[in-house]
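Take these sequences, add in the hints, and give me the full structure.
Protein chains: 2
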Amino acid sequence: MAEKKTAKRNYLNRQQRRQQLLEAAATIVDEQGWPGLTMISLAERAEVSRQLVYQHFPAIDELLLETIKHLFGSLYQDSQADFNQQPNNIEQAVQAQHRHYHEDLSAGRVRALWTILFTPYNADEPIAKAARMIRRISADVPAAAIPGLVGEGLIDSQRRHIGFMIDMLFWGSYSLVSDGEMDKDSALELLLWMLKRFKSGDKAGLPPVSNKPAS
Amino acid sequence: MAEKKTAKRNYLNRQQRRQQLLEAAATIVDEQGWPGLTMISLAERAEVSRQLVYQHFPAIDELLLETIKHLFGSLYQDSQADFNQQPNNIEQAVQAQHRHYHEDLSAGRVRALWTILFTPYNADEPIAKAARMIRRISADVPAAAIPGLVGEGLIDSQRRHIGFMIDMLFWGSYSLVSDGEMDKDSALELLLWMLKRFKSGDKAGLPPVSNKPAS
Numbered sequence: 001m002a003e004k005k006t007a008k009r010n011y012l013n014r015q016q017r018r019q020q021l022l023e024a025a026a027t028i029v030d031e032q033g034w035p036g037l038t039m040i041s042l043a044e045r046a047e048v049s050r051q052l053v054y055q056h057f058p059a060i061d062e063l064l065l066e067t068i069k070h071l072f073g074s075l076y077q078d079s080q081a082d083f084n085q086q087p088n089n090i091e092q093a094v095q096a097q098h099r100h101y102h103e104d105l106s107a108g109r110v111r112a113l114w115t116i117l118f119t120p121y122n123a124d125e126p127i128a129k130a131a132r133m134i135r136r137i138s139a140d141v142p143a144a145a146i147p148g149l150v151g152e153g154l155i156d157s158q159r160r161h162i163g164f165m166i167d168m169l170f171w172g173s174y175s176l177v178s179d180g181e182m183d184k185d186s187a188l189e190l191l192l193w194m195l196k197r198f199k200s201g202d203k204a205g206l207p208p209v210s211n212k213p214a215s
Numbered sequence: 001m002a003e004k005k006t007a008k009r010n011y012l013n014r015q016q017r018r019q020q021l022l023e024a025a026a027t028i029v030d031e032q033g034w035p036g037l038t039m040i041s042l043a044e045r046a047e048v049s050r051q052l053v054y055q056h057f058p059a060i061d062e063l064l065l066e067t068i069k070h071l072f073g074s075l076y077q078d079s080q081a082d083f084n085q086q087p088n089n090i091e092q093a094v095q096a097q098h099r100h101y102h103e104d105l106s107a108g109r110v111r112a113l114w115t116i117l118f119t120p121y122n123a124d125e126p127i128a129k130a131a132r133m134i135r136r137i138s139a140d141v142p143a144a145a146i147p148g149l150v151g152e153g154l155i156d157s158q159r160r161h162i163g164f165m166i167d168m169l170f171w172g173s174y175s176l177v178s179d180g181e182m183d184k185d186s187a188l189e190l191l192l193w194m195l196k197r198f199k200s201g202d203k204a205g206l207p208p209v210s211n212k213p214a215s
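For the record, the sequence lines run as chains A and B. For what it's worth, full-length UniProt numbering labels the leading residue of the first sequence as 1, then goes sequentially. For what it's worth, full-length UniProt numbering labels the leading residue of the second sequence as 1, then goes sequentially.
Simulated from the structure, these hints should not be mistaken for laboratory data. Quick reminder that beta carbons are idealized off the backbone N, C-alpha and C, glycines included. There could be a bad hint or two in this list.
[Said to hold, decoys possible] Simulated restraints on C-beta separations: (1) A:Q15 / B:L52: 57 to 65 angstroms; (2) B:E125 / A:L105: 42 to 50 angstroms; (3) B:Q20 / A:G73: 47 to 55 angstroms; (4) A:G73 / B:Q92: 37 to 45 angstroms; (5) A:A107 / B:P87: 56 to 64 angstroms; (6) B:R136 / A:Y54: 55 to 63 angstroms.
[Unchecked claim] In silico DMTMM-like pairs for lysine to aspartate or glutamate, Cα to Cα no more than 25 angstroms straight-line: (7) B:K196 / A:E189; (8) B:K196 / A:D124; (9) B:K199 / A:E91; (10) B:K199 / A:D124; (11) A:K199 / B:E152; (12) B:K184 / A:D124; (13) A:K129 / B:E103; (14) B:K129 / A:E31; (15) A:K199 / B:E91; (16) A:K196 / B:E103.
Below, the structure is given as structure tokens:
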């Protein structure tokens, strides 16, 4: 069996090998979280030499970044497309995102994203650099829909900063659900109410009653 | 020197010993973060036997919870007092909190709070249980000021959930500063603008320009 695998490995070209390594890295992160992902654990999991891992990812920084892109690249692209397509309907994009995170993604995958997104910035650690990068991307995702929420005349950085704050609200609602404080429909209602309120202030009236415990 | 310390230790009563252990635990967390805090590392740092640590904290869950209370108890009480004293002036309480986190607390202490606040919920891990508890407390802190922000007629859980979302915005602004996206005055402006907007909607006008990089 081991021989067969070795034989098979020889047929992977560089691009296929890279994909195989990134898949293995993703599995490690899903199972053990980010601290589990190292050059050594990846070599072991993918059943290749450490040298081969280093050929593809010269340093842990690059391995982390490429694993993040592999795990969340298409997720962010989809979300960004949602926000870009209906810049005046941020509610719909947020709703799609909510459904996606609660229903389509595995809890382990969401936890992996959450963990890296909320790793505090500390220049010494590779994971913290990756965290800062993914926070920047997160700020960009809803940026196109921000003028529809608060009006025109914003400069780029304002859209990005407000986008980031909206993303924080999204994760707040996710957190309330995963902590068992609310069920996921109530959390979506709360999030949409906050956006409505943010758009039109006290004209938005009172928030929905949402003290149902999670089922 | 070691003998002198041993001699001195014998004079600590139960309450003093507990304080000494909690101080040592706080130092470990400030230096190494939460993963560094274990029964063994605490015994070593405090120069006591593991048995003695277990006498005060029968399990890691309790050690974590008590260390959190020791580290952040008075911080939360101060913040809560700020929000309680001026329930109709959430801006002022938020401003005090901003100053406190950016100027009075060490970066390591804020990072310790951040890390535990954003540890995702996963029932298996003691740190995750502690994280859920501290998120509950965080939701309570601004709860008294929520009616002043969005109106009367809210039930308790609504105030707490909205309080938690406001706390997320606070941490969003902190994060923008620590990532070097904004200086801390601009981040406070953004946060206050978001609250104003949340209070009065599009009547709040455009947000302040705040793309100054952190100094």
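Is the Cα-Cα distance between K196 of chain B and D124 of chain A 25 angstroms or less? Cα-Cα ~37 angstroms, so violated.
Given the hint of 56 to 64 angstroms, check if A107 of chain A and P87 of chain B actually sit that far apart at their C-beta atoms. The hinted range 56 to 64 angstroms is violated for A107 of chain A and P87 of chain B, with Cβ atoms some 37 angstroms apart.
Compare the distance between the alpha carbons of K199 of chain B and D124 of chain A with 25 angstroms, and conclude whether the hinted pair is satisfied. violated (40 angstroms)
Using the C-beta atoms of E125 of chain B and L105 of chain A, is the stated range 42 to 50 angstroms upheld? violated (20 angstroms)
Go ahead and decide if the range 37 to 45 angstroms is satisfied by the Cβ distance of G73 of chain A to Q92 of chain B. Since the Cβ atoms of G73 of chain A and Q92 of chain B sit about 43 angstroms apart, the hinted range of 37 to 45 angstroms holds.
When you check the alpha-carbon spacing of K129 of chain A and E103 of chain B, does it fall within 25 angstroms? holds (24 angstroms)
Has the given pair, K196 of chain B with E189 of chain A, been kept, meaning a C-alpha gap of at most 25 angstroms? holds (21 angstroms)
C-beta pair Q20 of chain B, G73 of chain A: status relative to the range 47 to 55 angstroms that was hinted: holds (50 angstroms)
Straight-line Cα separation of K184 of chain B and D124 of chain A no greater than 25 angstroms? holds (22 angstroms)
Given pair status - E31 of chain A, K129 of chain B, alpha carbons within 25 angstroms: Given that 25 angstroms is the threshold and the Cα spacing comes to 19 angstroms, the pair holds.
Within a Cα-Cα threshold of 25 angstroms, do K196 of chain A and E103 of chain B meet the stated pairing? Since the Cα atoms of K196 of chain A and E103 of chain B sit roughly 34 angstroms apart, the hinted pair is violated (cutoff 25 angstroms).
Can you let me know if the beta-carbon spacing of R136 of chain B and Y54 of chain A is within 55 to 63 angstroms? 45 angstroms Cβ-Cβ, so the 55 to 63 angstroms window is violated.
Going through the hint list in order, the structure does not satisfy hints 2, 5, 6, 8, 10 and 16.
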